[in-house]
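Going down the list, the sequences are from chains A and B. My numbering puts the first sequence at residues 1 to 367. My numbering puts the second sequence at residues 1001 to 1154.
No wet-lab data here; the hints were simulated from the structure. Glycine residues also receive a C-beta, built at the ideal position from the N, C-alpha and C atoms. Among the hints, a few may not be true.
Some chain B residues near chain A, calculated using beta-carbon distances under 7 Å [unchecked claim]: (1) L1062; (2) M1074; (3) G1103.
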Amino acid sequence: MTLETEPVVLNMGPQHPSTHGVFRMRVTFDGEVIVDFEPVFGYLHRGIEKLGEHKTYLQNMPYTDRLDYLASMSNNMAYAMAVEKLAGIEVPERAEYLRVIMAELMRLSSHLVGVGALFNDMGAFMTPFIYMYREREKILDLFDMVCGQRLTYNYMRFGGVSQDIPEEFMPTLKRFIDEMPGYIDEYDQLLAENEIVLARSKGVGILPADKAINASVSGPVLRGSGVKWDLRKNNPYSIYDRFDFEIPTGKVGDVYDRYRVRVEEMRQSVRIVRQAMEQLPEGEVRTRVPTPFKPPPGEAYVPIEAPKGELGFYLVSDGSAKPYRFKIRAPSFINLTVLRDLVLGWKLADAIIIFGSIDICMGEVDR
Amino acid sequence: MIKTLAGAEVARQIGEQLPDTVTGSDETTVFVRSEAILDVARFLKESLDFDYLVSITAVDFLDHFDVIYHLRSMKNNYSVVLRTKCADRQSPSVPSVVSLWQGADLQEREVYDLMGISFEGHPNMKRIVLWEGYKGHPLRKDFILDVPGGGKAT
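Pulled out of the complex, with its shape left as it was, chain A reads as follows (with noise of 0.2 Å):
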């Protein structure tokens, strides 16, 4: 008699705690070792960009902020910018340094969420994120005294910001950006070489650098792979030629090189909100656009960096008051591009790491 095996296919997700949203991973085991690996989409796909082409450009603002849904601020930001080059709109200095503060604030944020996720994924069941929730909600709590809002932001605006911050806002930012050092310091006292982290993550899932600029991917998971680009330096676009910072990398790309890739970039993060808080001009918030506003015939398309990676609007307009197409480049959607070649060969339980280093937003992802 003859022993036979054969793979085993099992589903992850669209529910699991693990898949950071609805996202379906169909993974085929040869005993313990994936095989084969198919991730499923579409479980939040709201057709995002068809409904942008039946709504004016300013209505499209709001549902900017649930692409992805962590980083809100950012998204709002790479918008307006699309539509201000769009239609040549200037933005005020004031305005331009509030985005910033705010976009860089959202990238902690983001982080924040991204790195606890992380170790929750990785074994460390809540403890490590509910740390990092501690200093997430009090960037919430900024963002909510500037728009009113604590997830879904809709602050900025075409030529600037909804409104100015109110007289609380510096007290409160200098208060958290003062402290936020030392709480960076604590999560890598606690985690950043603790043993059982550099056993799971330590050469997890390695990308190599070609291969990652061959997959276009962006953001920490590319710098992760030693990969020095940020367009922020690269494409210095708003008033970041203004602020000294630096582009935090990996060596070899791999779980824990990226981990520590967001960790540094949170540092960094703080450096350009601090420099941007003394800078800080008194002034307008916000340039007068044209009403109807329609912009001139024509197309833009406006990278910036997000806290996931590349986020760039495309927008092409007719002349009139919707845009007749509007394209979205998903820095999360793109990412995962590499996914499957980096969990073939290791167990389930490492999948789930290598996912969770990639970090990504299903609302961006299926939009």
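Starting from the known structure of chain A, fit chain B onto it as the hints suggest.
For chain B alone, kept in the frame of chain A given last:
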């Protein structure tokens, strides 16, 4: 700053190597014939160092589709836009560039799913965000939204 290469200059270089592929150019963009897209893309990648495919997208202009490739060179920090027309509305198709840039994989599937342009030579050309059996392609301008169980293309 990422430098935007002049479309005319890139078009000239492509034209020298691959005659009869370029149909026009403007400040940022090179227009090429759709059958030649893979050859032109290979030339841009290998000779002009366009190592990074930023995005692939398509726009429906009713009498034709435009497929748009945003390309960038990380090595030299410059960018160009490659654009091609696809006039066949019944079964539009352009060659896939996934053999050059892996980053085209999911993006081409997305264009196929939502715009209905298929990419010849893609190893896994099927729907990505909508389900198998869905009728029509929602991002087309003549798509009608209100049919239960999926849309309807006219």
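Here's how the hints hold up against the structure:
1. L1062: At 11 Å from the nearest chain A Cβ, B:L1062 fails the 7 Å test, so the hint is violated.
2. M1074: holds (6 Å)
3. G1103: holds (3 Å)
In summary, the structure is inconsistent with hint 1 from the numbered list given earlier, while agreeing with all the others.
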